[in-house]
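Asks: With the hints as extra help, turn the sequences into a complete structure.
Residue numbers (our numbering), protein chains in the order written: chain A, 32 to 378; chain B, 479 to 698.
Honestly, I wouldn't trust all of these hints.
Said to hold, decoys possible - Quick list of the computed label-pair ranges, beta carbon to beta carbon:
hint	chain 1	residue 1	chain 2	residue 2	range
1	A	Arg82	B	Pro565	36 to 42 Å
2	B	Asn600	A	Ser145	42 to 48 Å
3	A	Met333	B	Pro565	44 to 50 Å
4	B	Arg628	A	Arg82	39 to 45 Å
5	B	Arg592	A	Ala267	43 to 49 Å
6	B	Pro657	A	Gly168	44 to 50 Å
7	A	Asp324	B	Glu531	50 to 56 Å
8	A	Ala267	B	Leu645	54 to 60 Å
9	A	Val347	B	Asp578	42 to 48 Å
10	B	Pro657	A	Ala166	39 to 45 Å
11	B	Gly563	A	Gly219	37 to 43 Å
12	A	Asp140	B	Arg564	42 to 48 Å
These aren't lab readings, by the way, just hints derived from the structure by calculation.
Don't be surprised by glycine CBs; every beta carbon is placed ideally from N, CA and C.
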Amino acid sequence: MTTTAAHVPTARPTPTPTSTAPTGAAAPTGSTEPVVPTMPRHLLSAGDLTRGSAELILDTAERIDQAMAGREVRKLPTLRGRTVVNLFFEDSTRTRISFELAAKRLSADVINFSAKGSSVSKGESLKDTAWTLQAMGADAVVCRHSASGAPQQLSGWVDGHVINAGDGTHEHPTQALLDAFTLRRHLGRLDGRRIVVVGDVLHSRVARSNVLLLSTLGAQVTLVAPPTLVPVGVDAWPAQVSYDLDGALTGADAVMMLRVQRERMSGAFFPTEREYSRGYGLDERRRALLADDAIVMHPGPMNRGMEITPGVADGVNSVIVEQVANGVTVRMAVLYLLLSGEMDGGL
Amino acid sequence: MHARPAQASTSNARSVAQSVAQPAAGAPEILTEILGGAQIARTIDRIAHQILERNGEQPIVLLGIPTRGVHLAKRLADRLTAFTGRPIPVGSLDITLYRDDLRRRPPRALEETRIPAGGLDNATVVLVDDVLYSGRTIRAALDALRDHGRPAVVQLAVLVDRGHRQLPIRADYVGKNIPTAFGDDVAVHLVEIDGLDSVELARAVPTREEITGRPGEGTS
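Replies: Written out as structure tokens, the structure reads:
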């Protein structure tokens, strides 16, 4: 509320955030409207998030966590009457349940669509499904698919917001967001923090999304993997690559162990599990190389004894269980931010 | 003070201009200071006494509505503590996720929600906000409160009541009633956020058309 009127009685500097209350809406009449970074229409890649929008999601998640703490009714009315479809073409326990819980905590209606066992060829079935969803009027579609790029395709066919819940070996942006949220809670700001991502980078959508998001947030990411499990074109990623786990772990602020995805491995990428474990598994000795307040992360599900020893997975520095809990909060933030302001500009 | 707005207008041209954080360029306004720093301090003292008068020894919890309501609640709690000698729990309640216009406006950043450790059950909760206008914020706050617990009594304290209610809501404690026209702005500045304490009324200068076409609107 700046004024150029000649009737200004005093000449003191105009206080910057002024509280105006001109609308008939439920505006907290005394608060300013902070300039909110723009969210992308769909959440397909962690690379689509600017630092501003990524931080908005994380801050929103923090606030939601605060608002939900210790309450009697663990539900918010925010998305009442909206429909969220969980479209899972691939198995998933925690991601589907996490999205379902997040949507339900925001009072949205949730439809779970599991396309397992569909015999129709992939492209066609996805398009048919998209038309069905379109006809049902889904406000958001949470999509997991074994083909990289499927959510991207879907976003061109439906009007609702598409959230990528993991597509092939491409991306899993909400996992990266919940990892960043967990990291931020333990480490504070991520600028200059050293985060080591270890394991099957080749098949890991988690690794790709995390590299993109964490570098956006200012962290230094080091990828460690056997040479056979490093993807082609990794030089273009905003991360360093190393084959020396002990060296990379020394003094690092966090380590993220990736699951060895045997179901995606058609060839032999390493000789034996024992050899993999010895070269790239996280045991107590290696954990001790990390910085004092460093945390151990794993997106799950874990191959205990292979990429991580049970002792480390359940140890004091492990935040693996917390990651799952944070997943719900972060997904609530994503759903809230994507689904509000739909009718922008009109009544 | 004039008739209520005929409808719950969210498409008011001025409001659109402001919601995108641009000054209402070219719209001439007359700026008047209604309350200064000393008066705000006295008003808060008075409201604190009124709260005590009304509630006596009952446990009181103050909940401010972000952002300025939170600072007002803290000030009120300080005064209440000074007058009674007992600590008064104070928290904040963000109502963004309970708003009724979430679909109509771009997503907003959320503010802090902090319920005091003792909880709200069986307490006298006093909601504190800076300006009472449409009443929708308070409705949202009441909805939010319901999810946090079951207070024995809920009351409302505001620094300014500017009228134009759209819901059957009234304040229990009012610092200052300011009669406004629909197009006016009431701006509350607090030291904690804005560097100074003041309440200002920005009155839209009525255009010739408004004066002749719709007599009464925009004038005092």
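Asks: Hint by hint, say whether it matches the structure.
Replies: These are the hints, each one checked on the structure:
1. For the pair Arg82/A and Pro565/B, the beta carbons lie near 41 Å from each other, so the given range of 36 to 42 Å is met.
2. Look at Asn600/B against Ser145/A: about 46 Å separates their beta carbons, and that is inside 42 to 48 Å.
3. Taken as a hint, the range 44 to 50 Å holds for the pair Met333/A and Pro565/B, whose Cβ atoms sit roughly 47 Å apart.
4. Between Arg628/B and Arg82/A the C-beta distance comes to about 42 Å, which sits within the given range of 39 to 45 Å.
5. At roughly 44 Å, the beta carbons of Arg592/B and Ala267/A sit within the given window of 43 to 49 Å.
6. At roughly 46 Å, the beta-carbon separation of Pro657/B and Gly168/A lies within the given 44 to 50 Å, and the hint holds.
7. Here the CB-CB span from Asp324/A to Glu531/B is close to 51 Å, well matched to the stated 50 to 56 Å.
8. At roughly 56 Å, the beta carbons of Ala267/A and Leu645/B sit within the given window of 54 to 60 Å.
9. For Val347/A and Asp578/B, the Cβ-Cβ distance of about 46 Å falls inside the hinted range of 42 to 48 Å, so the restraint holds.
10. For the pair Pro657/B and Ala166/A, the beta carbons lie near 52 Å from each other, so the given range of 39 to 45 Å is not met.
11. Between Gly563/B and Gly219/A the C-beta distance comes to about 38 Å, which sits within the given range of 37 to 43 Å.
12. Between Asp140/A and Arg564/B the beta carbons are some 47 Å apart, a value that agrees with the proposed interval 42 to 48 Å.
Checked against the numbered hints listed earlier, the structure breaks hint 10 alone; every other hint is satisfied.
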